[in-house]
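First residue of the sequence shown? That's 1 in my numbering, and the numbers climb one at a time after it.
Some hints could be false.
[Unchecked claim] Quick list of in silico lysine-lysine cross-link-like pairs, DSSO-like style, CA-CA up to 30 Å:
| hint | residue 1 | residue 2 |
| --- | --- | --- |
| 1 | LYS77 | LYS191 |
| 2 | LYS40 | LYS60 |
| 3 | LYS87 | LYS217 |
| 4 | LYS191 | LYS40 |
| 5 | LYS167 | LYS2 |
| 6 | LYS2 | LYS123 |
| 7 | LYS217 | LYS2 |
| 8 | LYS134 | LYS217 |
| 9 | LYS78 | LYS26 |
| 10 | LYS26 | LYS2 |
| 11 | LYS26 | LYS40 |
| 12 | LYS217 | LYS58 |
| 13 | LYS179 | LYS2 |
| 14 | LYS213 | LYS60 |
| 15 | LYS179 | LYS77 |
| 16 | LYS184 | LYS170 |
| 17 | LYS191 | LYS174 |
| 18 | LYS60 | LYS123 |
| 19 | LYS167 | LYS139 |
These aren't lab readings, by the way, just hints derived from the structure by calculation.
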Amino acid sequence: MKYYSIDWDYDTIEVIGHYPQVTLKKGYNPGAPDGYWEVKPYEFPNFIPNLELELHEKAKATDYLEKYASFGMFVNKKFMNILKEFKLPSHAFYPIKVYHKGELLEYFWFHYVVHDFFEWLDKDKSRAVIYDDKEGCYKIISELDLRISLDEIEKINLALPWQQGLKWEKIVFKADFPKYDVYKTQGLDLKNFISEPLLEALQEAGMTGFRVKPFDKIICE
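Please build the complete structure, drawing on both the sequences and the hints.
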């Protein structure tokens, strides 16, 4: 199965209408007990998040919106209904308020949590590296031992100088990997990705506001 990394289409002004596309609605408090700052990427909250956004008056109400949170997707009902037809990891769809020129639009925060990435990873066949990119000169320093714990990987990542990082060279999932249509990497080189069948369904439905790039590092055995 082929996969593609997915992101907001911030480069195509004719699609999104204006950059930035959204801001927090005036008067909204993100630090409130149910505000979006209280929602964590690695767990589901024990409350329904309250999030209020406002589209710039020149922005277009695309199906996939610029997201204020660093995780999940902000999508409208059409996009959400397509997602629901595919195989998803643990997830929730939270209704959010999006205002545009005085009108309240229907959008959802698609929040999904991945805890089992390394359980499905074939660590003997996969490959990750520590790289240096000082002054745009990319070189591999060493290979990362994937047999160490996720905590140890995160400690290595935090200790690296600014010009260095961790990167996947090859991701090999075990034969019984569920082949989710939406998933994300964990621990390093964080990316959200979708399957080719899901991408085709989104394109066929004419969904707007997102862009994809082939993510050919993934192998499903």
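Hints versus structure:
1. LYS77 to LYS191: holds (24 Å)
2. LYS40 to LYS60: Holds, at about 28 Å.
3. LYS87 to LYS217: Holds, at roughly 20 Å.
4. LYS191 to LYS40: holds (17 Å)
5. LYS167 to LYS2: Distance ~19 Å between LYS167 and LYS2 Cα, so the pair holds.
6. LYS2 to LYS123: holds (20 Å)
7. LYS217 to LYS2: With Cα atoms ~9 Å apart, LYS217 and LYS2 stay inside 30 Å; holds.
8. LYS134 to LYS217: holds (24 Å)
9. LYS78 to LYS26: Holds - the C-alpha atoms of LYS26 and LYS78 are around 27 Å apart, at most 30 Å.
10. LYS26 to LYS2: Roughly 42 Å between the alpha carbons, so the hint for LYS26 and LYS2 is violated.
11. LYS26 to LYS40: holds (23 Å)
12. LYS217 to LYS58: violated (38 Å)
13. LYS179 to LYS2: Given pair LYS179, LYS2 holds - Cα atoms ~10 Å apart, limit 30 Å.
14. LYS213 to LYS60: This hinted pair holds, its Cα atoms lying about 23 Å apart.
15. LYS179 to LYS77: holds (24 Å)
16. LYS184 to LYS170: Judged against 30 Å, a Cα distance of about 14 Å means the pair holds.
17. LYS191 to LYS174: Given that 30 Å is the threshold and the Cα spacing comes to 19 Å, the pair holds.
18. LYS60 to LYS123: violated (43 Å)
19. LYS167 to LYS139: holds (11 Å)
When each numbered hint is compared with the structure, violations occur for hints 10, 12 and 18.
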